[in-house]
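S.K.: First to last, the sequence lines map onto chains A, B, C and D.
So the first sequence is numbered by this note's numbering: it starts at 20 and just counts up by one.
So the second sequence is numbered by this note's numbering: it starts at 7 and just counts up by one.
So the third sequence is numbered by this note's numbering: it starts at 5 and just counts up by one.
So the fourth sequence is numbered by this note's numbering: it starts at 182 and just counts up by one.
The hints are simulated quantities; they were obtained by calculation from the structure and are not laboratory data.
Yeah, the Cβ is synthetic: ideal placement off N, Cα and C, and Gly gets one too.
It is possible that some hints are incorrect.
Stated by the list, open to error - Calculated cross-link-like contacts (lysine-lysine; reagent style BS3-like; alpha-carbon spacing at most 30 Å): (1) A:LYS159 / C:LYS104; (2) A:LYS158 / C:LYS104; (3) B:LYS24 / D:LYS196; (4) B:LYS199 / D:LYS307; (5) C:LYS8 / B:LYS199; (6) A:LYS240 / A:LYS327.
As the list claims (entries may be wrong) - Using C-beta positions, here's what the derived DEER-type ranges look like: (7) C:ILE22 / B:ASN367: 57 to 63 Å; (8) B:SER168 / A:ARG682: 47 to 53 Å; (9) B:MET51 / A:ARG682: 31 to 37 Å; (10) B:SER168 / A:SER786: 46 to 52 Å; (11) A:GLU733 / B:LEU312: 48 to 54 Å; (12) C:ILE26 / A:ARG698: 51 to 57 Å.
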Amino acid sequence: MNSDDKKYWKGLEELREEPQFLEVRSKEFPEEISQTTRRNFLKLMGFSFTGAALAACARMPVEKAIPFLIKPEEVVPGVANWYATTCAGCTASCGLLAKVRDGRPIKIEGNAESPLFQGGACAVGQATVLSLYDDERLKKPLWLGNAASWEEIDQSIGKELKDIVNRGGKIVILSGTIVSPTTRALLNEWCQTFTNARHVVYDAVSASAILSANEKSFGVKALPHYRFDLAKLVVGLNADFLGTWISPVEFTRAYTQHRMPSHDMTRHIQFESGMSLTGSNADRRIPINPSEEGPTALTLLKEISNLKSGAGSSNETAQDLWKHRGESLVVSGSNHVDVQIVVNAMNALLGNIGKTVDLDNVSLQKQGVDDEMNRLVDEMNRGEIQGLILYGVNPAYDFPDSDRFISGLKKVPCSVSFSDRLDETSSLVQAVCPDAHFLESWNDAEPVQGALSLTQPVLRPLFATRSAQESLLTWMGKNVDYYTYLRDYWREKIYPLSTGLYLTFDNFWDLSVQNGVLSLPAQTPTERNFSGSVPIAFQNPPKGLEVHLYEKIGLRDGRHANNPWLQELPDPVTKITWDNYAALSPKTASALGLEEGDVVLVKNDYVSLELPVQIQPGQAALTVSVALGYGRTHCGKAGNNVGVNAYPLIPHPTGFRVEKTGRKVALAATQTHHSMEGRPIVKETILAEYINNPSAGNEEHEKLLTLWEEWPKEGRAWGMSIDLNACTGCSACIISCQAENNVPVVGKDEVTRRREMHWIRLDRYYSGPEENPETVHQPMMCQHCGNAPCETVCPVLATVHSTDGLNQQVYNRCVGTRYCANNCPYKVRRFNWFDYAHNDQFDYTMNSELGTMVLNPDIVVRSRGVMEKCSLCIQRIQEGKLQAKREGRPLKDGEIRVACEQSCPAQAITFGDLNEKESRVAQQNHDGRFYHVLEELNVRPVVGYLTKVRNK
Amino acid sequence: MIHPPLIDGRPTVQQVTKDICRPLHARPGLAWIAAFLCALTALLMGVGLVTYEIRTGIGTWGLNKTIGWAFDITNFVFWVGIGHAGTLISAILLLFRQKWRTSINRAAEAMTIFAVLCAAVFPVIHMGRPWLAFWVFPYPNTRGPLWVNFRSPLLWDVFAISTYFTISLVFWYIGMIPDLATFRDRAEKKWQKVVYGFLSVGWNGSNRTWSRYETLCLILAGLATPLVVSVHTIVSMDFATSVIPGWHTTIFPPYFVVGAVFSGFAMVTTLLIVTRKVMNLENYITMRHLEAVAKVILTTGSIVGLAYLTELFTSWYSGSSYEQFAFKNRIIGPYGWTYVIMVTCNVITPQFLWVKKIRTNIVTLFIISIIVNIGMWFERFVIIMTSLHRDYLPSSWAMYRPTFVEVGTLIGTFGLFFTCFLIFARVLPVIAMWEVKPLAAELISPHRESSHG
Amino acid sequence: MLRKVFIGTALLATIILIISLIIQESRRVGSNQGYEPDQPIAYSHKVHAGDNKIPCLYCHFGAEQGRHAGIPPANVCMNCHSKIKKDSPEIVKLREAIDKNQPIDWIKVHRLPDFAYFNHSQHVTANVPCQECHGPVETMTRMRQDQPLTMGWCISCHRERGIMPPEEHQDLNRDKTKAIGGMDCAKCHY
Amino acid sequence: MVKNFMVGVFSDEQKLLKTVCALRGVGFQIHDVFTPYVVHGLDDAMGLRRSRLGVVTFLAGLTGLALAMALQFWTAVFDWRINVGGKPDNSTLAFLPVAFEITVLIGGLATALAFFLRSQLFPGSKLRIFNRHITDHLFAVVLEIRDASINPDKARKIFWDMGVLEVREESVNT
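So here's chain A without its partners, still in its complex pose (with noise of 0.2 Å):
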């Protein structure tokens, strides 16, 4: 097929919706301006764009992408597309599926066919798909702050590159962690092509310490593959591994297996310093102080050892520890070589090595050594490096000594950046050659040995961008594209390794593009000796207040700031969003005087940093958390300016002070009361209770009556039931939903305000004391009530009941009420305060050409003055029963996955038919976990939740 046909495609029915267009058809049919301007005005916005447009229309997205599961001859108007690739959000690497509708990809997801990851992905790894869409992306490679074309860059890098090599300078390839096997083997060669240069890993969150005490305690100096899966027992020390710890969405998948109430359910014990998403579903936490880590570990290594020799322990954490050996594992986020000895050496104990850590088939994330960096960056200081690769990195931000580095870039006579964003370090660099995004590249990933992972492109690059693997070919003169090294690598490397019957390497090939995942056998993980030297103390901190640095689920370590999904995603303990902010426990807080919202200067001798102060439960006494990502200054207009760096704080997290500035600032919080005030909201029992009364906790129920016949519940009947067992309250969910039904973003103010449009949302209680409290999380979206009361207040009909049992907002009859969100008691309808889409005042994501094409076209964005609300994906349901009726066959359960369902890598939520018997759904309606939010209204939800089991 030529591009001449990828025209006609473009020229059909769609092309007449253009701007210009609509102008002329508007004065012919004066009352439709406004219907017009909708959705098919949104969706086809995509097709007069440049370089979209065209690929767009191509029978086929990119040549040579195989289709997940349909191969189409052609793309079908109007019809989705998914094809499997592999999330570059964060080293993870987890399989995902990319919905793509008339050539853009409009949605991710996780690929079920990944054994690591099973379907889920995080909030971040679904929220790459609008940064595809980021107008703050380059969209031309720039040569000294000019936009330059990709031949004059070449030709004088190569220039520079080859001057280097004359002089016999050093080159060096500055990069975050490659889980690229390919990349990996093509920086190996481009290393080798130019003499001096080499390969320095950086991570801005760094496992480093972990390296270098495997290193030293086993002789391995390597990640383990942490087996959350085989635990029994889980003891965490500040290690947010649900939240932003290494590999989230496995570890959730993993951790949640066994989570499920029964005898042999996991327990987790966790000890931290912040409250963090992990501490919040532990079933004893234990708030430490950072410099706790160490003696804490310590002590639980002697008690563990005096078990072991039979001393006996009154410590019960070790007792239980002892009690699972070889079931249990003991993990540290700590940056603290000496803290992960003592850890290894109570796993090593345990005999967990070789079951829960895997140190054969190793994870290659957080690959980054802390030293080399400083080591790299002395150098450039010394003037001794002539030529600086940066490969997504972005150190000028995220490097503590951030001056150092630039100091020390500024002595580097050819600096050249892949950043696909003129960010902090690419802002100063020579060269700037922006990445295409992973969307539009080719790649693979490993992130765990043997769990092969294929990266295709689902759309042409929009903007003349090029893969920084392309771009290293070129500079080393290798005449190929990245494609074909990709495949010419996995036919030499991959290949033989593969134990499936494949016909031939094409058929492997095609195969793995398509599935997207590939597993080779793993290695038979073995026991090893602890052969480190544990130390005997750990030293006290000086005097003050401990800063304990984390990172926020959905920013991370800050790469992606100009993400307003993001950005405007509540921190699932805290449920702020746009802010970081200085996390105190309350006990301290009064001591000091400080209210919720006082800006303070968090101080010690060498930096201070204005903050925000924020009172959390469980936060441990005389410890300021601070998150990590915040204060970027160059990312975009989402992002910059929204909080404070603290990356400055990692090498001096003691001895601080706090002090008043006597400002006020409103943190914009999704929900600002923490207690249920003892209502019956989220249920809960302990398992010992829940072994004996499959019902506990849940015993009260009331008894419904009913004044009139109710309505036949004949054909369908929708229901869903959501397991708070299983939730973390990871908030994947949220921007699953988001990205799904068009959600606007409404910035800062507007969520200050408590205006934020989120369908679902994460309701977090605590309960018990305010020092240690326990937490609940519960997604909370559109009840579906069979006796709604918001239906009965509408004056207009536009929220009603369908037949199939949900409740439907129809938003084209709505004239704005606001009545049913009144009358709502679980207050999960949203309403269009302002005009979101195509306003100056909103510029996040529907305000651009390119913000506009992640829209989901079969969902209308929504106008000024209407209400909204969860639709149980009404789409989906649609489009599964025109599939089953285009095939002649009934819908099978668990066929239509709403979107918050498919996200959830915890597997919480469970949508199906309640008129059918044998369907998942409705056999937890008879579940003795069972139970309606708010049951006694007699509202009659089709929503139900399954209550929480502490194993305590």
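Chains B, C and D: place on chain A using the hints.
M.R.: For chains B, C and D alone, kept in the frame of chain A given last:
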């Protein structure tokens, strides 16, 4: 029992005509002009703010996902409540043959019309898409036709308010026809002759018409009386039929109706005290009128106080923790101060009216009437806002702070109200001459058989 | 008296007339029934679908698979017209457009507001003849919107017809008429 | 057609009442009496029947009630049956408020309309205004001199006896 005369100064029938028709010939006084300019300014500001709100979005108000109504519906209920006194005076007191209503019923009815007008603004502008407000009427359309939801209290409101407005307007106008004829016959300027000629529809004082006219007035009064009760009952059902603790209360219909009468009479007092001063009508609107009104305020104020107590008792007795919390939160929650204002203004202040000196003193009466007006606004605010801001799920609890647009719109409706009222005072008979004249005639020849009013 | 009766009758008649006119007109609000624009190429459905009996789905193949029926790409035209009537002035326009790589600005005749989701394949699968909504296309020399395409019009069909003939889908009992076609708002509005 | 009237103007309602009684006592048909306000006892003196406007109100109200209930019932149960909040399609109780309002509205408007029609009051009405001061303080008794059976002098005498202010005869073209 001998009552003091209802009007002072023993005016002749001719004098009555002359006094009431004075605005036809005289230029407006300075006080009137000043008041009118103030009112107009407020109105124009209101119009500007509403325009801004409709162009930009409801987001210009301080509402949020939890609190969907606050100032808007508070103002609506407040103004509807104000309106009730007018109907009560003209209709219910007519049925009870209370003569003291005669000099004040016209102005009170005008107050009703203008208050309902102000009230009707809010249901329209509080909509997200007010340009589609006509969708609330059941009319044949191209959508199937798609009708409306007759189960929604908001729809009942539409019918109640529009019926109330229409019937009040008809009642007011019909009651004015004889006086408009007087104006017509006294008019000097051309435009006055044309306008009053048109409005008085050829009224010639025929007793055959008078006879029917009396029947008509009685019938309309008979219709208006249950109507006025139904209107505030239906308004209260906006809340009473909901599921929100603090709203879902069966006491609301009588409580709202009494509250409406209470606030309405307070507003009547305010207006009459000003009108009699500005329009020199001290002889017609006398202390006896004001005292009667004050007694109504005292009675209804006490009933309102009883309602507050009953509400508290019911919430305690219900055993529902949500109900109990809602009321606890009203009193000692973050908006407790509004509850304090409400109780102080509505329950404590009117009790001073037991003292005759206070209720027959223009100044104290005026102050109390203003306080009651404020208190009753806060009552609606307390009911609407504090119930919403903390309902079932604590995760959604939120705070509310009005924006300048909301405050300005409230002031704007006062502008609308007073602009209308001041124009009314200038161009229409402020006092029902045909009802006052028999009283004047009686005063002059007291020996005769009394005529009814 | 006679005069009064006459006037009264006339008045009543006028009122009834006005009301019926309002109702009549209000039925047409938002409908472009009868819209028949000039197209850049004088394509005749009568010649193709009527005289030559080319099945609708040959050109509008999208209708079977997805939401949009689609205006066929020019190369579909050229399947035949590379041989037939090559020199007709209209075909020359078509070829020129292909040569110049310029899309043809067809004017869309049947338009639904975007808040109404309509899926062609759903209706094709349910054996709704194209003519039901598009009128006697095979007799139209120039394309015309034959039906009102208002919500009331959609609804009247959904009300009256068994949306899916039951005998064809015995086993799909629960997904039948009510569940698939039906009158639920969210069948089309989401 | 030309009508001849005799108009007697009074300033006192007692005199007026007596005059009317006297005139009727001697067999005069009172065409009408014009007053600035409602004079108690005048209806009896003139022998007026009670108005039947109430019947209009009742019938119109009943019509309104029937229409409102019918519309609500028909739209909710027959024309488009929709499940609204699980409430029964025929939510009769919920239909009452609207039905009540419509009853009052139609009843009130119809009564007012009937009044205007019966009294021939409408803008531009050609009703004779016998004295500009009738809407101020004067009263007028009007006899229509239809034929010879009415003796104008006899009437005039009664008027003067009763203390009339002024008596005149008028011819009106209708």
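S.K.: Run every hint past the structure and note whether it holds.
M.R.: Consistency of the hints with the structure:
1. Straight-line distance between C-alpha atoms of A:LYS159 and C:LYS104 comes to about 29 Å, which keeps the hinted pair within the 30 Å bound.
2. With a C-alpha separation of about 28 Å, the suggested pair A:LYS158 and C:LYS104 falls inside the 30 Å cut-off, and the hint holds.
3. Restraint check for B:LYS24 and D:LYS196: satisfied, since their Cα atoms lie roughly 24 Å apart, inside the 30 Å limit.
4. Straight-line distance between C-alpha atoms of B:LYS199 and D:LYS307 comes to about 15 Å, which keeps the hinted pair within the 30 Å bound.
5. Note on C:LYS8 and B:LYS199: the hinted pairing holds, with a Cα-Cα distance of about 29 Å set against a maximum of 30 Å.
6. Proximity of A:LYS240 to A:LYS327 is assessed by CA-CA distance (about 28 Å); at most 30 Å being required, the pair is judged to hold.
7. At about 58 Å, the beta-carbon gap between C:ILE22 and B:ASN367 stays in the expected band of 57 to 63 Å.
8. Range check, B:SER168 to A:ARG682: about 51 Å between beta-carbon atoms, so the 47 to 53 Å window is met.
9. The beta-carbon spacing between B:MET51 and A:ARG682, approximately 33 Å, falls within the hinted interval of 31 to 37 Å.
10. Between B:SER168 and A:SER786, the C-beta spacing of about 50 Å keeps the proposed range 46 to 52 Å intact.
11. A hinted range of 48 to 54 Å holds for the C-beta pair A:GLU733 and B:LEU312, which are about 51 Å apart.
12. As the Cβ distance of C:ILE26 to A:ARG698 is approximately 53 Å, the hint placing it in 51 to 57 Å holds.
Checked against the numbered hints above, the structure breaks none of them.
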